[in-house]
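Participant: Residues per chain are reported as follows:
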Amino acid sequence: MKFALFTGCVAHGATRELMVSTKLAAQALGIEFVEMKSAACCGAGVVSEKSPLLADTLNARTIALAEAQGLDLVTICSTCQGQLKKTECHINGDEEYKKKINHLLSDGGHQYDGRKSRIKHFANILASEEGMRRLKERVVRPLKGLKCAAFYGCYVLRPSELSEFDDPDNPTALEDIFTALGATPVDYPSRTKCCGFPIVMMNKKASLEMAGNALLDAVESGADCVVTGCPLCHLNLDSYQPEIDKLLKKKYAIPILHLPQLVALALGHTPKELEMDKHIVSTTKVNRILASH
Amino acid sequence: MATFRIKRYNPEKQPEPYYEDFDLDIPKGATLLDCINLIKWTKDGSLSYRMSCRSAICGSCGMKANGHALLACQRQADSLLDKDGTVTIEPLGNMKPIKDLVVDFKPFWDKVNKVQPYLQTSAEAPVGKERTQSPEQFRLIDDTSTCIMCGNCYSDCNTLEVDDNFLGPAALAKAQRFVCDSRDEKTLERVTELSKPGGIWDCTHCAECVERCPKPAQPFHRIKEIMTVALEEGVHNNNGARHALSFTRSVKASGRLNENQLPVESMGYFNIKGLLELVPVGLRMLLKGKIPPIFHKSIDDVKDVKRIYKELNQ
Chain A
1 MKFALFTGCV AHGATRELMV STKLAAQALG IEFVEMKSAA CCGAGVVSEK SPLLADTLNA
61 RTIALAEAQG LDLVTICSTC QGQLKKTECH INGDEEYKKK INHLLSDGGH QYDGRKSRIK
121 HFANILASEE GMRRLKERVV RPLKGLKCAA FYGCYVLRPS ELSEFDDPDN PTALEDIFTA
181 LGATPVDYPS RTKCCGFPIV MMNKKASLEM AGNALLDAVE SGADCVVTGC PLCHLNLDSY
241 QPEIDKLLKK KYAIPILHLP QLVALALGHT PKELEMDKHI VSTTKVNRIL ASH
Chain B
1 MATFRIKRYN PEKQPEPYYE DFDLDIPKGA TLLDCINLIK WTKDGSLSYR MSCRSAICGS
61 CGMKANGHAL LACQRQADSL LDKDGTVTIE PLGNMKPIKD LVVDFKPFWD KVNKVQPYLQ
121 TSAEAPVGKE RTQSPEQFRL IDDTSTCIMC GNCYSDCNTL EVDDNFLGPA ALAKAQRFVC
181 DSRDEKTLER VTELSKPGGI WDCTHCAECV ERCPKPAQPF HRIKEIMTVA LEEGVHNNNG
241 ARHALSFTRS VKASGRLNEN QLPVESMGYF NIKGLLELVP VGLRMLLKGK IPPIFHKSID
301 DVKDVKRIYK ELNQ
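Protein chains in written order, with our numbering: chain A, 1 to 293; chain B, 1 to 314.
If you are wondering where the hints come from, they were derived from the structure by calculation, not from laboratory data.
Simulated restraints on C-beta separations:
| no. | chain 1 | residue 1 | chain 2 | residue 2 | range |
| --- | --- | --- | --- | --- | --- |
| 1 | A | A291 | B | K310 | 54 to 60 Å |
| 2 | A | K285 | B | L278 | 25 to 31 Å |
| 3 | A | K285 | B | E136 | 56 to 62 Å |
Sample of chain A residues with no beta-carbon within 12 Å of chain B, all distances over it, derived:
| no. | residue |
| --- | --- |
| 4 | R115 |
| 5 | E130 |
| 6 | V139 |
| 7 | P142 |
| 8 | I254 |
| 9 | A291 |
All values derive from a computational prediction rather than experimental measurement. A virtual CB, placed ideally from N, CA and C, is assigned to each residue, including glycine.
Input sequences plus hints: build the corresponding full structure.
Facilitator: Next comes the structure, spelled out in structure tokens:
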């Protein structure tokens, strides 16, 4: 299994532990990632506020880079995944638009085809038949007793017409992965909701309340930790948790893990190797539960 | 036999809502509304809900099935059953229930009215004919004009769940209908108003509204269209616009997002209160070694990204 890896910006910035754990998880699963070092930011649905055509052109360029490598493209961020898929859906089926985009790309030596590379979130790879087979084969430390609440991230689910990830209302990819790792998935209504991150700069109170309600829901459903495939959700749920506590007058202290961290834990890596000590909310609860089984 | 678990509420008899189960054989091809009608006609005549056209035109029968808003007349009932053969029916969210599945739409309509949903122009009306548009001009507002005001988007909006002040997806979609109308002369005034707190920049991008919209109106896409117009019109003095501009500049400069610069520029360099708000989270991240590298690295071949920006005059 070999893929072009679109890391996104945040895995090289505020959530570097995501990059570290992605590499370790992929290595342990025998998945080869070729990092796309000349791919531009996906625009996070923000560049398209300024210019939808600019955002689509930059993302088409990224997809064209993967196509030129002859590889499927894998993302490790729900936001990146959503934006790239959106561009793909905008262009495919609209020949005029495709021509316009390719005209813009041609001077840089790129050509968008739209059929050569599939765009997949790492969770899609893991939840595929082959991914599941490898996971089950290579788990050396089943995550027995660990109750995990999935937090999908909006962009990967909605609009489902443009994301083509899973059932937007009843996704199962993350829960299937948890089960394969020996962990126990926790069902709770907020797992498909918004973390509030996109408006943390515009309406902080609403943003943190959104995150807080999701955390409370996870805690009340018995989760030991929340696991997300989106580093932006991670930022709001983890980095802002002390402020969320204050705002909602609660004390959650629920650890938030990146999906690759959870996977790599089951594949034998230590929390230290996965830089779980870098999280704002302590992850010792997770370590303790795993040690007790 | 299917079970319809319906959230009942009648404050005149009992202050708290409760769930009541109704068992029903779903007739072949019946919609959810057909089944609810059957329950009302054959099991409990006091069950209250709104309905009219039965053809997804009037927008009256919005309700929640299994936690998500839909038009009851637009979905086959058996497609909604869970593995135990049950479907849970509740009133639309983000509005106060009046009785059973009937909610109070007043805040919804107040917000629609707030965006001044009518054409504003000083041009004389042509005598004996309409104010016409070209097909290209109409295409910009075609999707929004399909909105049937069912309130499904409003019900499931993630921002509205935590902030009543938000205008909400339906009103903002209606606003786009006039912001992008070639005949309207109040574009700048409209986008200025819509850029204030509670407006376009409070949309959290969850796209629940797109998922729940039974028509092509799809409010989130319309909200983004207003954002683009607001930026083009130069309405930049707010965190949302500064955020979009800073983000776009950052990608132009290095091909990547500069995470250290973005929060500061979004708040605005002279917004002391806003900048101070960034300090606690910044310090926490610094202490944990989570602050993005101070020396921001560009992607390889950033020149090509700059070239694309230049070609698009961005």
